[in-house]
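Visitor: These are the residues of each chain, in order.
Number of protein chains: 2
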Amino acid sequence: MGKRIILALLAGLILSSVVSAEETKSVRATRKWVQQNGHVILQDFTRLLSMPNVAANRKDIRKNAEYISNLFQKRGFDMQLLELEEANPIVYGEYKVPGAIRTLCFYVHYDGQPVDPTKWTHGPFNPVLYSGAMDKGGKEIALPGKGDKIDPEWRIYGRSAGDDKAPIITILNAVDALQSSKIGFTSNIKLFFEGEEEAGSTNLKAHLLKHKDLLDDIDIWLFCDGPVHQSRRPQLVFGVRGVTGMEVTVYGATRALHSGHYGNWAPVPGQMLARLIASMKNEDGKVLIDNFYDTVEPLSEFERLELAKIPNVDIQLKNELGLAFTEGEGRTINERLLLPSLTIKGLASGNVGKKARNVIPNTATTAIGVRLVKGNDPEDMLDRVESHIRKQGYHIVYTEPDMETRLKYRKIAKVDRRRSGYIASRTSMQEPNAKAIINAVQNFVEDELILMPALGGSLPLYLFTDMLKKPAIIVPVANHDNNQHAANENLRIANLWYGIDLMGVIMTMPR
Amino acid sequence: MGKRIILALLAGLILSSVVSAEETKSVRATRKWVQQNGHVILQDFTRLLSMPNVAANRKDIRKNAEYISNLFQKRGFDMQLLELEEANPIVYGEYKVPGAIRTLCFYVHYDGQPVDPTKWTHGPFNPVLYSGAMDKGGKEIALPGKGDKIDPEWRIYGRSAGDDKAPIITILNAVDALQSSKIGFTSNIKLFFEGEEEAGSTNLKAHLLKHKDLLDDIDIWLFCDGPVHQSRRPQLVFGVRGVTGMEVTVYGATRALHSGHYGNWAPVPGQMLARLIASMKNEDGKVLIDNFYDTVEPLSEFERLELAKIPNVDIQLKNELGLAFTEGEGRTINERLLLPSLTIKGLASGNVGKKARNVIPNTATTAIGVRLVKGNDPEDMLDRVESHIRKQGYHIVYTEPDMETRLKYRKIAKVDRRRSGYIASRTSMQEPNAKAIINAVQNFVEDELILMPALGGSLPLYLFTDMLKKPAIIVPVANHDNNQHAANENLRIANLWYGIDLMGVIMTMPR
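Taken in sequence, the protein lines are chains A and B. The opening position of the first sequence corresponds to residue 22 in the numbering used here, with each subsequent residue numbered one higher. The opening position of the second sequence corresponds to residue 22 in the numbering used here, with each subsequent residue numbered one higher.
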């Protein structure tokens with residue numbers, strides 16, 4: 022077992038029993054609250070998880086919105102549902118405090134991924150407590166009563182347990198804990214809970230534009246979504262990659278040809294496409310498209326230093342995934358995800374397996390995925406891919422080539438750029454409010470806080486950072502092994518407790 | 022319109038009204054027979070085509086076998102059905118003549134391709150006469166009566182009209198014509214009509230081995246199957262390519278990975294496979310696998326000369342198929358099909374189009390087709406492909422790789438060689454009986470006879486040439502545009518008349 026894996030396991034224990042020398046007033050308050058009311062918190066969480074919340078079911082969604090809105094209303098928040106035609110409502114709230122240092126806004130989404138109940142042990146909306154991870158021998162147990170000891174390794178199973186109802190319960194209980202200890206917030210607190218994130222956030226931009234006036238005074242957005250680091254160490258994330266892509270189809274004859282009667286004479290689209298794709302990247306994973314890396318905005322010295330401190334999970338991941346090598350070997354996944362990527366998401370030409378026939382197919386198609394980092398423009402990057410295709414001798418078309426075109430050009434590629442995607446987002450770790458959060462969180466966690474410049478995945482964070490021009494930080498709560506998007510989604514209780522401490526610390530952080 | 026196309030069109034006319042200076046006695050007899058009995062021939066053909074003959078329907082097939090057997094029995098052939106358990110019978114016949122120069126055997130198959138009646142204008146087993154090709158404005162017409170003029174451009178539509186019942190009617194009427202003119206055969210005539218060619222000839226080898234004694238005295242096999250040349254000029258074909266192939270799967274992680282969280286770090290199977298396929302062939306269509314062309318048995322000087330005389334159909338084909346270039350450009354399709362080929366029949370990895378997802382698929386697979394020429398051994402050729410894959414740094418497995426294998430080897434390719442295929446077949450144009458046939462046919466056709474060293478497609482002719490060690494020539498009758506294997510299969514009447522002349526000439530040819 023590698024040193025790093027041992028560290029990671031220790032980190033798991035640390036997160037569940039963190040007692041820092043710098044323990045603040047707020048942490049004392051949230052811990053006391055959890056100790057006295059843990060059983061009620063689990064009951065409340067269970068109740069919230071039992072409410073079906075698939076974005077397409079408008080009635081269910083509205084019940085969730087009203088229920089959540091009411092919970093915060095009771096605690097003195099000024100709540101409203103922000104409406105937009107044909108959209109699920111945003112649960113919006115404000116809590117203003119006199120002499121506030123800043124206004125911060127918690128983003129959460131209260132909808133969950135669609136469900137296939139047949140794959141769930143207990144059904145997606147029938148939350149059940151387990152003594153540990155179900156796939157590691159955990160057993161179903163009853164909810165605890167008052168005074169019962171609660172093991173932080175317990176897990177609650179149910180849709181949205183990790184993604185993304187846990188933050189709602191943590192914010193709510195942080196508020197309760199601070200109020201019961203009579204500790205005031207240092208910032209104005211806003212809530213912005215989306216109801217269709219898992220349906221693609223198709224109305225998020227319109228919501229933000231329509232309610233811009235309400236949001237103008239927000240100094241920093243806190244995205245309470247996604248999991249903490251695989252090492253179980255707490256982390257803050259300062260950006261995401263953007264995403265774009267295209268489909269490319271190359272052409273042989275107008276119809277599939279008999280591979281005997283024409284093989285060795287007719288052009289073979291699968292062969293042509295293979296040559297084209299091979300020209301795009303070298304064996305080491307470097308993209309060979311001209312200027313592909315030119316617009317990448319480099320990390321600051323501070324971010325570089327933080328990056329170097331992030332636990333190396335490469336060996337663990339390679340072992341888990343059965344990989345004896347990786348692209349750009351010698352550089353960690355943490356570094357590699359800070360560059361734009363080009364991946365073959367799909368290949369199709371004729372058939373393989375039982376359906377394979379003795380033909381030369383008439384086309385071959387690839388779906389190319391491109392992930393973007395700060396500085397990359399989606400359309401500009403696709404232009405570079407197109408230029409590369411042209412450089413390989415292809416005539417590019419955007420619709421099916423007609424006979425005249427076919428007879429004129431030796432090599433024809435159809436490019437489909439319909440899904441144009443969106444840019445990456447990154448907030449500086451040295452932005453003043455970001456710095457305040459880093460300090461506050463670092464002060465209460467025992468282990469070193471992970472500061473991740475950006476996730477490899479994509480979220481439309483640019484709507485906040487580039488459209489609204491506000492800093493935005495991802496503040497995750499859930500365990501990385503929460504089965505997000507799948508059946509038997511769950512939350513580890515230690516992460517729930519961590520989240521309550523975290524939210525309390527953020528609500529009370531100094532300048 | 023190119024000169025060659027004009028030639029091709031003229032050739033079409035020639036075939037339908039061939040009157041040679043060298044007209045033989047047999048041709049006089051068959052032409053007279055056709056002139057007097059054309060309407061009966063079309064009735065007989067129609068009756069034969071109305072009998073359903075899909076190989077899987079055993080009862081239908083046996084009715085065909087018995088009906089055909091009876092037709093030849095009546096003409097003095099000694100007929101029997103050769104049986105094999107679980108197989109359709111071979112319609113076998115012999116006609117011995119005193120002082121015969123040789124024994125020749127006509128191979129025909131009396132089963133037809135499976136049918137989808139919904140795609141047929143009149144149903145597959147409801148033969149109908151047309152005044153021309155249906156897709157070129159031909160109209161349905163009644164069968165002619167005695168004395169009615171028959172246009173050789175008429176067509177009969179029905180399953181097996183071209184593939185492969187036409188030769189049965191031509192042989193039958195050649196026999197009738199010669200008998201009515203009291204012209205004797207110069208060779209012993211044997212008939213070997215297969216009943217499951219379109220079902221893959223799975224029992225052909227067993228039939229040949231079981232009945233080897235019956236077949237031992239055959240000097241040459243005549244394969245009456247397939248179409249004449251695209252130029253409509255008559256042709257004899259002396260071989261076919263063999264066929265083999267394999268599927269190759271390359272591996273990434275043990276599961277599909279999120280293209281954001283892992284893209285630019287995890288190996289991309291589609292990219293790896295593209296590189297592997299690109300390494301196999303250059304842009305000009307030359308296979309780059311070591312020694313791929315080494316075992317090709319070269320053509321003789323005679324065959325080379327004949328090859329050079331074959332009409333060049335490349336421009337016509339390129340125009341038809343919408344191709345601005347071909348592999349090995351500068352060399353004709355006729356030449357290119359005399360080399361082994363390597364084609365990508367299928368590519369599959371993840372999905373494209375609406376099903377495309379933001380993942381790095383865990384595998385990518387290609388179905389590779391290999392056509393073989395005389396001298397190539399299927400297993401040996403696949404060994405060469407495997408060696409090439411190994412040379413690209415791959416560890417080859419034959420079953421799914423386990424975790425230990427995955428973690429040990431950087432690049433893993435699974436090779437599936439289950440369909441091992443079979444060798445090519447070629448009969449020398451200078452083999453004495455082959456020469457006799459060439460001379461006889463050349464003498465009666467006006468235009469120059471095309472002597473094709475081998476077809477690009479594959480048939481298990483090696484069973485005759487390499488297993489039974491007998492010469493075998495393909496003697497096609499059908500028009501090339503007969504819609505073989507598809508709906509609205511048809512035969513052009515000119516080709517029927519040509520076939521009757523042809524069979525008569527072969528049955529009466531001198532040494």
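In short, the hints are calculated from the structure, not lab data. Check before you lean on any hint, since a few could be wrong.
Note: identical chains are not told apart, hence a pair may lie in one copy or across any two.
Distance condition first, Cα-Cα at most 25 Å in a straight line; then the derived DMTMM-like pairs of lysine to aspartate or glutamate [unchecked claim]:
(1) K233 with E356
(2) K429 with D305
(3) K339 with D81
(4) K226 with D311
(5) K46 with E318
(6) K46 with D234
(7) K375 with D137
(8) K167 with E106
(9) K376 with E268
(10) K231 with E268
(11) K140 with D437
(12) K435 with E341
(13) K226 with D398
(14) K435 with D137
(15) K429 with E452
(16) K375 with D398
(17) K339 with E421
(18) K170 with E425
(19) K157 with E356
(20) K170 with D315
(21) K456 with D156
(22) K375 with E469
(23) K412 with E304
(24) K231 with E407
(25) K490 with E469
Visitor: It remains to establish, for every hint, whether it holds in the given structure.
Guide: These are the hints, each one checked on the structure:
no.	hint	in the structure
1	K233 with E356	neither (35 Å within a copy, 71 Å between copies)
2	K429 with D305	between (37 Å within a copy, 18 Å between copies)
3	K339 with D81	neither (41 Å within a copy, 60 Å between copies)
4	K226 with D311	neither (33 Å within a copy, 58 Å between copies)
5	K46 with E318	neither (40 Å within a copy, 90 Å between copies)
6	K46 with D234	neither (34 Å within a copy, 103 Å between copies)
7	K375 with D137	between (29 Å within a copy, 21 Å between copies)
8	K167 with E106	neither (45 Å within a copy, 80 Å between copies)
9	K376 with E268	both (23 Å within a copy, 12 Å between copies)
10	K231 with E268	neither (34 Å within a copy, 55 Å between copies)
11	K140 with D437	neither (35 Å within a copy, 33 Å between copies)
12	K435 with E341	between (38 Å within a copy, 21 Å between copies)
13	K226 with D398	within (18 Å within a copy, 64 Å between copies)
14	K435 with D137	neither (37 Å within a copy, 33 Å between copies)
15	K429 with E452	neither (56 Å within a copy, 45 Å between copies)
16	K375 with D398	between (42 Å within a copy, 24 Å between copies)
17	K339 with E421	between (42 Å within a copy, 18 Å between copies)
18	K170 with E425	neither (78 Å within a copy, 42 Å between copies)
19	K157 with E356	neither (31 Å within a copy, 65 Å between copies)
20	K170 with D315	neither (56 Å within a copy, 78 Å between copies)
21	K456 with D156	neither (39 Å within a copy, 76 Å between copies)
22	K375 with E469	neither (54 Å within a copy, 44 Å between copies)
23	K412 with E304	both (20 Å within a copy, 15 Å between copies)
24	K231 with E407	neither (36 Å within a copy, 62 Å between copies)
25	K490 with E469	neither (30 Å within a copy, 81 Å between copies)
Hint violations for this structure: numbers 1, 3, 4, 5, 6, 8, 10, 11, 14, 15, 18, 19, 20, 21, 22, 24 and 25, all remaining hints satisfied.
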